[in-house]
Every structure is written in C-alpha cells, then in structure tokens.
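Please put together the full structure from these sequences, using the hints given.
Numbering (our numbering), first residue to last: 403 to 551.
Hint data in this document are derived by calculation from the structure and do not stem from the laboratory. Just so we're clear, the structure is a prediction, and the values are computed from it rather than from any experiment. Treat the hints with care, as some may be off.
Unchecked claim - Label pairs and their calculated CB-CB ranges:
1) 510 x 444: 41 to 51 Å
2) 420 x 494: 14 to 24 Å
3) 480 x 453: 31 to 41 Å
4) 403 x 494: 36 to 46 Å
5) 450 x 405: 38 to 48 Å
From the three backbone atoms N, C-alpha and C, an ideal C-beta is built for every residue, glycine too.
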Amino acid sequence: MHVKKFISTDQAPAAIGPYSQAISFGPLLFTSGQIPIDPATGKIVTGNIQAQARQCLENVKAILGAAGIGMEQVVKATVFVKDMQDFEKINEVYGEYFPCPAPARSLVEVSRLPRDVGIEIEVIAAQGHGHGHGQGSSSGGGCGCGGER
403 MHVKKFISTD QAPAAIGPYS QAISFGPLLF TSGQIPIDPA TGKIVTGNIQ
453 AQARQCLENV KAILGAAGIG MEQVVKATVF VKDMQDFEKI NEVYGEYFPC
503 PAPARSLVEV SRLPRDVGIE IEVIAAQGHG HGHGQGSSSG GGCGCGGER
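Here it is in structure tokens:
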C-alpha cells in the first residue's frame with residue numbers, strides 16, 4: 403500500500419496558502435506551483451521573465467532535492483504564464499534545466515497568477531528511476547523535444 407508523504411524544505415518558499423510544497427505518493431512526486439519567490443528573502447523576484455523562470459525552476463529543484471531526486475527525473479511540467487509572448491524567453495531558461503530529452507510539458511497563458519507574477523511552474527517527477535536518456539524513439543530525427551531541427 404502506498405503512503406502519502408509530505409515534502410518540505412526551507413530551500414524553497416513556504417506555501418502561501420493551504421497546500422504542501424510537494425506530495426510523494428508511490429513512485430511519483432507532485433510539486434505545487436512555484437512562483438518566483440526567493441526563499442532567502444521571501445520577496446518576489448522582479449525583472450525580466452527569464453529571471454522569474456529561473457527562480458521558479460530553482461525552487462522546483464530545491465523541492466525535488468529535499469525528496470532526494472533530481473531534475474532529470476521530472477516526467478511532466480506545467481508552466482502558467484501571463485503573456486504568451488514570453489514563450490521563447492522561457493524556453494531559453496527551461497532548456498538549461500531540462501536538456502534534451504526534455505520532459506513532457508504544457509504551457510498555458512492565464513489572466514492572472516498569485517502575487518501578480520509572470521510565471522508559475524509545477525512538475526511531476528518519477529522517484530527511483532532515471533529520466534530514460536537513450537530510451538524510446540522519436541519521429542522526425544533529433545531528440546524529439548524541439549531542441550534540434
């Protein structure tokens with residue numbers, strides 16, 4: 403029988419509502435959406451969307467680290483943005499954290515995010531297994547993640 407386990411770290415921002423930073427259940431770990439809050443100061447990271455995306459991903463990385471897993475074990479990411487015109491800029495930063503083959507991802511434009519930030523990122527990771535580099539196949543050549551043409 404699987405047990406639901408709460409994951410928490412002071413290396414990522416504390417929840418700003420009634421939710422956990424992450425929940426582990428069976429082989430999967432689910433993070434709550436991470437907005438660009440610097441956990442050291444509790445302040446929103448301002449500036450360009452790249453800086454905001456980087457802080458979100460650093461927060462995700464810290465939560466995964468608290469569970470003893472790495473970014474390579476992320477199997478699905480969901481990114482919420484206020485402006486779809488930031489798509490390419492976000493991809494630049496995202497690619498630094500998720501090299502090819504990247505996890506599955508959805509990117510959705512929304513009208514507003516908590517604390518009026520420009521981006522929020524949540525992930526699902528598989529515990530106890532690698533990301534599967536070199537496994538599977540993709541059609542059209544390359545790695546199948548859009549990074550190669």
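Comparing the hints with the structure gives:
The hinted range of 41 to 51 Å is not satisfied by residue 510 and residue 444, whose Cβ atoms lie roughly 27 Å apart. In this structure, residue 420 and residue 494 break the distance hint of 14 to 24 Å, their C-beta atoms being roughly 34 Å apart. Between residue 480 and residue 453 the Cβ separation comes to about 20 Å, which falls outside the hinted range of 31 to 41 Å. A hinted range of 36 to 46 Å holds for the C-beta pair residue 403 and residue 494, which are about 43 Å apart.
Hint check: residue 450 to residue 405, Cβ distance near 41 Å, so the stated range 38 to 48 Å holds.
In summary, the numbered hints that this structure violates are 1, 2, 3.
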